[in-house]
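Line order of the protein sequences matches chains A and B. Each residue of the first sequence is one higher than the one before, starting from 34 at the first, in the working numbering. Each residue of the second sequence is one higher than the one before, starting from 1483 at the first, in the working numbering.
None of these hints come from the bench; they were simulated from the model. The hints are all genuine.
Result set (DSBU-like, lysine-lysine): computed pairs, CA atoms no more than 30 Å apart in a straight line:
#1 K1501/B <-> K45/A
#2 K45/A <-> K1655/B
#3 K1538/B <-> K1691/B
#4 K1577/B <-> K1597/B
#5 K1501/B <-> K1597/B
#6 K1577/B <-> K1545/B
#7 K1501/B <-> K1530/B
#8 K1530/B <-> K45/A
#9 K1538/B <-> K1577/B
Since we're looking at a predicted model, the values are computed, not measured.
In case you want the letters, here they are:
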Amino acid sequence: MVGIVIVSHSQKVAEGIKDIAQQMAKDVKIIAAGGTSDGEIGTDALKIQEAILEANTGDGVLIMVDLGSAVLSAETALEFLDEELRQNVRIADAPVVEGAIVAAVQASTGAGLEEVIGTASEAYTLRKL
Amino acid sequence: MSNHIAAITAVGQAIIKNKEYLTELDREIGDADHGINMAKGFEAVITKISSLEEDKDIGFVLKTVAMTLISSVGGASGPLYGTAFLRAAVPAAGKFELDSLTAQAMWEAAITGIKERGKASRGEKTMLDALEPALEAFSEGIKADKPLFACLELASAAAQKGVEHTKTIAATKGRASYLGERSIGHQDPGATSSSIMIATLFEFCRSYKAEGV
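Isolated chain B, as found in the complex (with noise of 0.2 Å):
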């Protein structure tokens, strides 16, 4: 199996694990099917990508779980995660392994899509309350030269502390919007399910890292 495929196959098992968990949290502020649909989703992108040619480059690999993702999950986090791989696909098109700055690029590539799909904008106790300041310190870990394993490692931190902030602000987007302040004290599921995402590629980086590959 080929590093980009194993990649993403950790990130989706990392989601089905939390299966309940997402689902739980939604069940607080939505329609409790955040966890359900995630899960379905990659659930679909593991078989679909695991039966790829070895050959396909990263670019390929983000398309292929964009749609499939699209067409799975079913809930507005389809649309909005399928948004952000489709664009992350965009800079990440012919490489077979990842630099930093190749990397910023998709991530930015991935918000900007985010952005623009849901109208929404960090603050809002969106999934962007995880990924902005986490791409903010993947940023500041290049800028120290640091190498890419160790740049996820404060880009997992940060995106942990945007989780917790969504536990302090109110709702304006999405089903959680209806409960308006009633809304504070609950965790986002799509800031919860995007910190996850990101904890497992930097768990994947540090143990492909220590494998000395």
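Only chain A is shown next, with the shape it has when bound in the complex (with noise of 0.2 Å):
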């Protein structure tokens, strides 16, 4: 099942959106990384690798990210990975929230990685209203 990365400048926006996927798909592998080191705001490269790690049960992760920074930081991240698993890492050009609900719901399908970024992908096209 493809593992799924919450990057977040805020740890509790990282927890708060993993909760709220993790309702939706109770099998996936959802990890949070937000804020810093310290717990301050902001994102951490080291820390978004370490939940790749855990995220990854051998079907590949994908990383959901806030904004600004959490964007770089999550490559940094993905260059700190082996050859092998980065090239079962995605990052989702997607809104964090709505993404990962979704990207949550086709992994709790066992549908492949390229599936659960098309489908978190297109949750741009979610409208509100």
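Work from the hints to combine the two standalone chains into their complex.
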């Protein structure tokens, strides 16, 4: 099953998104990687790297990011991975909350990484009103 | 303390000293955290490298600097400077002294890393607007057979000129890009922190040379 890492500037936001997504997809490995190592607002590539390793069960990992340095830190984390694993990890260009939820649901069906990332990207089209 | 650890410590102290100034610049066109984040990162760096064994080479120390910045800065400057130091560490692996050509290779690697990580190029009101002209001036110094500290002097002047140039251009990368044309007239905080680092390295090498060690 594809694993999911939630990257946010806030640990609370990352945990919250994880909780919402997990409710929809109990068996998917979802790991929150929010805030810096000292618990401040920000992002931390090493924390993200650890989350990727934890989320990976062999079928790849999708990373959901909020904004700004979250993208740069996620890309930096990719650089720390083994080549083999790196091929199996993607950053989704998608809204972080909606994207994480639909990606988790898709992953829970046993879909592959490409399909899960495709579903996450489609979250852009979800209208609220 | 080994020379390279002393040099990095001096760079860190200069950034910490300029915390308010960098934050003030970032308040104008960004999210007012550049000085705070960079000072926090280098405080962690200074603590970390002061506890390293004396026998660690420059590559190892720079890698330590990189990983510390990456995990403690929090903002975009963490992965950007972190990647720069990480890439610069590669040509410096196993070395305990720097010659000009190695320094040039490190600088090039650092710039390539920042460009890749930030998907940025010169002229977008970023740290590259200080780092690239500085490297060009440094390389001309090497061509003219100048000693390392003199090459750094040229680089430091070019970096400062680059910082001045950022006042005349609009930001297209990072938080300042939300301001677009309104960012003109303000100097870039990232270019400023890069320039401070280069100026500090020059001062460090000059005093090192003056001591005749």
